[in-house]
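**Student:** Make the full structure from the sequences, and use the hints.
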Amino acid sequence: MVAYIVRRLLLAVLTVWAISVLSFMIIHLPPGDYVTSYIASMSASGSAVSEGEANALREQLGLDKPITVQYAKWMGLMLQGNFGMAMEWGRPVSDVIGDRLTLTMVISVAAIIFTWALALPIGIYSAVYPYSFADYVFTFVGFIGLAIPGFLLALVVMYVGFAWFGANVGGLFLPDFVEAPWSVAKVWDLTKHLPIPAVVLGVAGTAQLIRIMRSNLLDELRKPYVMTARARGLSEYRVIMRYPVRVALNPFVSTIGYLLPYVVSGSIIVSLVLSLPTVGPLLLKALIAQDMFLAGTIVLLLGVMTVIGTFISDLLLMWVDPRIRLGRQ
Amino acid sequence: MPEHAPATGTGVLAEDRIAVATQWQLMWWRFRKHKLAIGGTFVLVAFYVVALFADFFAYVDPLESEAQRSLMAPQQIHWFDEGSFRPYVYGLTGTRDHVTFKRVYVPDTSRKIPVVFFGHGEPYDLLGFIPTDRHLIAVEGAKASESLFLLGTDMQGRDLWSRLMYATRTSMTIGLVSVALSLVLGVVLGGISGYFGGVIDTVIQRIIEILRSIPTIPLWMGLAASLPADWDVVKVYFAITIIISLIGWTELARVVRGRFISLKQEDFVMAAELLGCSKARIIFRHMVPSFISHIIAATTLAIPAIIISETSLSFLGLGLRPPAISWGVLLQDAQNIQALVISPWLLYPSVAVIVAVLAFNFMGDGIRDAADPYL
Amino acid sequence: MQNDTKPLLSVRNLRTSFFQDEGTTRAVDGASFDVFPGKTLGIVGESGCGKSVTAQSILRIVDRPGRIVDGEIVLTRADGSQIDLVKLKSNSQEIRSIRGGDIGLIFQEPMTSFSPVHTIGAQLIEAVILHAAVSRKEARLRGIEALRSVGIPKPERRIDEYSFELSGGLRQRAMIAVALSCNPRLLIADEPTTALDVTTQAQILDLLREIQQERGMAIMLITHNLGVVAEMADDVVVMYLGKVVEQGTVDEIFHDPKHPYTKALLQSIPSIDSVPRVKLPTISGSIPHPFNRPQGCPFHPRCVSSIAGRCEVAEPPLQSVGQRRQASCFLYQ
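From first to last, the protein sequence lines stand for chains A, B and C. Every letter in the first sequence is one number past the one before it in my numbering, and letter 17, counting from 1, is 17. Every letter in the second sequence is one number past the one before it in my numbering, and letter 220, counting from 1, is 220. Every letter in the third sequence is one number past the one before it in my numbering, and letter 173, counting from 1, is 173.
No lab work stands behind these hints, which were simulated from the structure alone.
Below are the DSSO-like pairs computed for lysine-lysine, each with C-alpha atoms no more than 30 Å apart in a straight line:
1) 285(A) to 192(A)
2) 285(A) to 73(A)
3) 263(C) to 279(C)
4) 112(B) to 143(B)
5) 6(C) to 87(C)
6) 264(B) to 279(B)
7) 285(A) to 235(B)
8) 186(A) to 285(A)
9) 223(A) to 33(B)
10) 223(A) to 89(C)
11) 89(C) to 6(C)
12) 154(C) to 137(C)
13) 87(C) to 223(A)
14) 264(B) to 223(A)
Not everything, but these chain A residues come out facing chain B in the computed CB check (under 7 Å):
15) 15
16) 26
17) 29
18) 143
19) 149
20) 151
21) 152
22) 163
23) 258
24) 261
25) 265
26) 295
27) 299
28) 306
29) 307
30) 310
Counterexamples of contact, computed for chain A against chain B with all Cβ distances above 10 Å:
31) 1
32) 66
33) 67
34) 132
35) 135
36) 191
37) 194
38) 249
The model shown is predicted, which means the values in this text are computed figures rather than measured ones. For glycine and all other residues, C-beta sits at the position ideal for the given N, C-alpha and C.
**Tutor:** As structure tokens, this is what we get:
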């Protein structure tokens, strides 16, 4: 068990490192560097930067050193919580990101809960009554859910809300709450607004999970231990729920590891369409404005949050599967 | 395998047929039973025909814009003219809108313009080298660019039907190119990982796991945004496909690796080794044929994700950029909710996306079910 | 068959078929036999002859798309009442109390017969509580006793282990413990030793015999291994393609087989007395495809004594060929 935890932890750290390298690449790929953009934004607001000042800035930020040193410096700053300046906003990145990262995770988790709540019972039903009418209906609806890109669904939802109800169903808060400090009332407002983004984000994942659950459970239902359970005199309901479902649950739990990056990913685009105050719209604006520090940092932080989530799901899997706990395969 | 079972009862011939059928014949028989998969295949064939002959299916230049024809609703084809089958559309007359003083085009019921199928229109080169001027849909006695707008027009007054045809070409082929790259990466790395095992396997496995844990869209957005703005359309197209395939290969690699690992332990592999076959021969002649069908299934199932990724990226403005045309680019216009409410036809390209993705999924599922004998 | 005692379980004309798109398979096609209290009935036959489906039919746990289409299975309960198991609804309270309560079942593959994510104890205790109104503590004690009675050492520790932590032999014993935990009067053992090595096999068979003597339990032993049958059974039923082709006491079947199939089976057993360097006799041909059953007697295409004009035309019914013998063959009619 300890070996398992250590292995997953090591992997998480490696992943974070890989993401940091990729984020760094993103920051530095476009031509020009931080100072060039700084000069550009300064001249845009009317002030000029002399060459001497520029060079001094470069030296201060270590931009004249080789790329590996720059990376090390950047990582050092990051670990201290200094994420640099957001060019366009003229404020520290951490200020600008603020609540958004938390909110991104909130809607992602909400989407996953929704996905599970729906996929689990439907998957179980489809496996116990395969090829029934309901099974075909679920499969078909599931396929459609898989085929519609998240942003499209969000668009349709917005359109329907606007055209039929004349209401703007986007956003996570009522206008009054947007800038207000956190309070119970604000949390409640958030909860009321969560269903639509959660559903839109969760639909595609639901379809996938239903298929996984259905096929895993179908495999398990054919195994002898189900028949022995029945032969002991258990009711059909308990035979299915206590045994094969419990076993099929394991691969199900392990899917969170891949569901989380998928959902976080999808939330970027969906939050753009639905105008949610999350990281998505911010990232897009940053990319279009070539504010690479902001963009790269967002990518890094998103990645880190996802890796943490995946690690938590690994721990969850360990709790659920005795075979892992006892070190057997 | 049944040997010389005496010829009693019916069904002996069926048994023999099964016994001598090749692997591909068996797969085809099973695939045939999957009605959804067959349906999906037909739809995909239709899509690729459109992609190949986009110039034929379109009737105007997709880039020709006319600001005053902006956001026109789809025209209706009237099929019967006084009892006989003679499809026509109403001509459009430019008038000045009383309220906004802008010039708008409205249907003029006095002018009936006949619609001809397989008629003459703008000249082009079919398949790039056959000069012709026939189009699927054309009009008589007028210019198509002034009279035919079957799916309406977009913000710049460009005909959406023709743009959709060209968009189909781009979106359907990006999927193929990208998946080909993923396939190569996946098969090579997955194969090495599965066949050689040991440290190489562990390293490649970890790389795959790391790649899978990274949220893809922010990464793609970042990479796509860092493409120099002065690159031309073609370069951007290829850069996007490469970026997308760089993460997509992990799924295929997993399938290939899994197959290699389970095949390594099969007796027939050991038999081949004992016969003195070289490693290459064992891999390509003995192992690969037994999972090639699974690869085809996995590849087919990987394409929808690629199509959705490209569409999403282009929708955001970070993927293909105008003047390139793809489904995602077309859907960019639908970003503005107010515009969408007034002109819902801007969403019609999404139908193409959904249908294509569904078709690929159905077909891929059918192939996978047909290939796996243990289902 | 003993005519003085009433049978514990009486199967008459059982027919169970599987209905699939490709066709209908008659897995059990008119089987009739009796199981007597305290005695062992061996059911022998090649793979696919319907032995396991028969056992599943008795407990009404035949998987979809299978269904019992005809026949009756009469069980005599402890209080003397008789009940036809075919007539019960497959998920009713009644059949569920019989499963595990009156009739226990053990399977061939002990590894996959236990849930991989529950402890042995959890499954054992569940079975006890299901059939006896006792507390969890009491059930646990009974479980530990059950494990001890099948010869598992340190049962109070083993009860909390998972099936993958036990060796093959111990797992099979644990399975027997679970099946016996509620004192059934009939134990159906479906290939209980096929997956075990020979030494463990002998131990398990000894265990079964011991338990049978202690509790006066009847055993229905399903196997394709004639050696096991010879060692354990009192009466034998030979099945082929879903039908009973011969019945009798174990001595009679082994020393005086009547049906050509039984004869051929016995001939194909290698023996220390056989002539050396001579090819082992086999049964020619192979089991027909389930959708391709031969007309007339199911065995006639492979039978060395088939009578032209009779055997391929009609099916021989199961008839008496001796004092307690039955065989379905035209040679005796």
